[in-house]
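If you want the building blocks of each chain, they are given just below.
2 protein chains.
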Amino acid sequence: MSDAHAARRERLSQYCSAGGADAALVTKPANVRYLTGCAPCGATLLLTRDRALLALPAELPPDDTGEHPYAAELPHLVAAPDQDTAEAAAAAATGLRVADLAVEEHDLTVTRHRAIAEQAAGVRLTDLNRAVERLRVVKDDQELAELRIAAEIGDQALGELLESILVGRTERHLAMELERRMIDHGADRAGFPVSVGTGGHSGRSDHLPTDRRVEEGDFLTVSLGAQYRGYTVCATRTFVIGAAPAPWQVELHRLVFEAQRAGREALAPGVPGGTPDLVAREVLRAGGHHEERPRPFGHGVGLEVREAPQLGPGEMGKLDNRVPVTVGPGVHLPGRGGVRIEDTLVVRPLEEGGPELLTITTKELLAL
Amino acid sequence: MSDAHAARRERLSQYCSAGGADAALVTKPANVRYLTGCAPCGATLLLTRDRALLALPAELPPDDTGEHPYAAELPHLVAAPDQDTAEAAAAAATGLRVADLAVEEHDLTVTRHRAIAEQAAGVRLTDLNRAVERLRVVKDDQELAELRIAAEIGDQALGELLESILVGRTERHLAMELERRMIDHGADRAGFPVSVGTGGHSGRSDHLPTDRRVEEGDFLTVSLGAQYRGYTVCATRTFVIGAAPAPWQVELHRLVFEAQRAGREALAPGVPGGTPDLVAREVLRAGGHHEERPRPFGHGVGLEVREAPQLGPGEMGKLDNRVPVTVGPGVHLPGRGGVRIEDTLVVRPLEEGGPELLTITTKELLAL
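Residue numbers (the working numbering), protein chains in the order written: chain A, 1 to 368; chain B, 1 to 368.
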């Protein structure tokens, strides 16, 4: 692991040098984790041309040996009680003769930025310009392996739920059961709150589970994703409750299935990020469905549930090889419910077999 | 509800006027909720001398009527897709001829603050100086009622768990069961991840549950808090597993119990915030236990799990009537475990009966 992290830090150092900064102060938790492999709450990483220094909060409980629990990983310092780790690291930067320090202006509050400037007197503060987020877009082998395991865990949890009795149970109970099953199968936690929508709630993205109970004839939309070693994938499936789906349900499911397939098949290195969304949306529009305020049907995943690249309809940036993204179109009919189907896939060139599907649970319209 | 929220907004308006600002831009989610009663993710409140305007994100799903789901509550605008609500509200402020706009510099990132400044050309941006956090310290009747219900929910969940078989179950399973039971009893959610520590993990604050199984003779420390209508309380209890606690366990529990009682009894209006911590710590020190880097034994609670007032050993600010706080001393012996006991209480004057205990589950050393 630590070789991979050292390589990531080396790439960031090179980026800083090229931009004229002689050090970077990394405060955003997902970025600290990406560069160090450890995720203590409130840690800050100071990265100069030739060294990495992790500033840890005083409140982090020491382990049973009395040592600070991340001591073995990287050179570190421990902030004073009530001292911000970013301030402690900024003070250390002055001791290391840093002249230009790039900070994460999209993460630091105005108050914290001012405190850093006070600690780093004489140091010029610049913006790191989301450099770490951009490094994070293309995943290495270790990251892809962890995303595959995260996907497997979600598939297992969902598979088990579908074998149980669903009628009469509430959305909230089903959501909690899925969270528990993911943790049982080895997830760190649910990567985001599981969404379960039944009846009129089905087909929505980000529906918050309610006390509505599953009834015969309902659509049931489940959206879940396990977090494994920090990495999260997303999967959404829509099923029907009872033996015989109504004709409108079969028809709507078929349409969303086609739209989602078109989106998946559009994924390839070099394709504009907005293309999968556009082709999926075109299928839905041809079927008579369009949204006035479209929300993007997909996004990048990794150490954050939603991260770069953006995949909304207007995105022109090109997709890269080894970038995991979601494709998740849906239709929601007010009062009736709807269908949403979402996968996480890794962009791969055709000669390597095309997009790699991580979330392999069936997308057929199962009648449960 | 809305009268209480209007009264809170009126107090903030008066504060702004007194400070020379003619409007406030509130972006911190807990503060938006405090002032409006609604908590849509990413909303911003613009409060001028004579009006309140809520800026809502475009991505918020409309409800089944096609209306934005918070439309009925307050005058509002909907930001453009991908537009930050704070930018949308700042642009609206220029239309309302705002000259001095107080923003939350402790919440806004540098990047967001810059974008607001660009939208609000010609408007002078100042700092709101955590004014809403300070208004939030003393709770009104509605807030105290919600905190009482949150405490009851946690007590019920813990009481049920103690009636079940514990030996052989993992810390993670016990933590998940407590979360589920709190939701079953009406909690919005767990206010923070439930902590369950057994054996060598007992007595720690903020221990993350592991796969360690409960064994005979273990101390078991459980720390939990339900969130009810946004408000969270904290309770921590330590029990022993098996029929006969060892003499060191009985002794250590008695000591922490005494320390916690001393801390609780020190709560009163006008007392310095650090006093409960100091008196509890003195009892532990007399018993031979002291920490080199002391973490505060208590903190304020409300719409955030940890909010003002601060209650660390050095805090000199005076406690007020109607302020809910936690008192939670503990001792952790490396390798052996320990005891932590924490309550949430509302500061009240002696003539009203003294501090009001919200978390009433027994603090005796139950042998389970």
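Source of the hints: derived by calculation from the structure; they are not laboratory data.
Worth double-checking, as some hints may not be accurate.
[As the list claims (entries may be wrong)] Some chain B residues flagged as far from chain A (calculated, every beta-carbon gap over 12 Å):
id, residue
1, CYS41
2, ARG112
3, LEU125
4, TRP248
[As the list claims (entries may be wrong)] DEER-style ranges, computed between Cβ atoms:
id, chain 1, residue 1, chain 2, residue 2, range
5, B, ASP211, A, CYS41, 42 to 52 Å
6, A, ALA80, B, PRO272, 13 to 23 Å
7, B, ARG213, A, ARG212, 29 to 39 Å
8, B, GLU160, A, ASN129, 48 to 58 Å
9, B, MET316, A, GLN142, 44 to 54 Å
10, B, MET316, A, ARG212, 24 to 34 Å
11, A, GLU215, B, ALA80, 48 to 58 Å
12, B, ASP141, A, GLN142, 29 to 39 Å
13, A, PRO75, B, ASP211, 29 to 39 Å
[As the list claims (entries may be wrong)] In silico contact screen, one side only, chain A against chain B (beta carbon under 10 Å); selected entries:
id, residue
14, GLU73
15, PRO75
16, GLY317
17, LYS318
18, ASP320
Even for Gly, the Cβ is constructed at its ideal location relative to N, Cα and C.
For each hint, the structure was consulted:
1. CYS41: Answer for CYS41(B): violated, closest chain A Cβ roughly 9 Å.
2. ARG112: Given a closest Cβ separation of 8 Å, the condition is violated.
3. LEU125: 9 Å, violated
4. TRP248: 17 Å, holds
5. ASP211(B) x CYS41(A): 42 to 52 Å: 21 Å, violated
6. ALA80(A) x PRO272(B): 13 to 23 Å: 22 Å, holds
7. ARG213(B) x ARG212(A): 29 to 39 Å: Holds, since ARG213(B) and ARG212(A) (Cβ atoms, about 36 Å apart) stay within the stated range.
8. GLU160(B) x ASN129(A): 48 to 58 Å: 52 Å, holds
9. MET316(B) x GLN142(A): 44 to 54 Å: With Cβ atoms ~50 Å apart, the hint holds.
10. MET316(B) x ARG212(A): 24 to 34 Å: 51 Å, violated
11. GLU215(A) x ALA80(B): 48 to 58 Å: With a Cβ separation near 38 Å, GLU215(A) and ALA80(B) fall outside 48 to 58 Å, so the hint is violated.
12. ASP141(B) x GLN142(A): 29 to 39 Å: 54 Å, violated
13. PRO75(A) x ASP211(B): 29 to 39 Å: Since PRO75(A) and ASP211(B) have Cβ atoms about 31 Å apart, the given range 29 to 39 Å holds.
14. GLU73: Violated: closest Cβ of chain B sits about 18 Å from GLU73(A), beyond 10 Å.
15. PRO75: 20 Å, violated
16. GLY317: 14 Å, violated
17. LYS318: 20 Å, violated
18. ASP320: Check failed: Cβ of ASP320(A) comes no nearer than 22 Å to chain B, outside 10 Å.
Checked against the numbered hints given earlier, the structure breaks hints 1, 2, 3, 5, 10, 11, 12, 14, 15, 16, 17 and 18 and satisfies all the rest.
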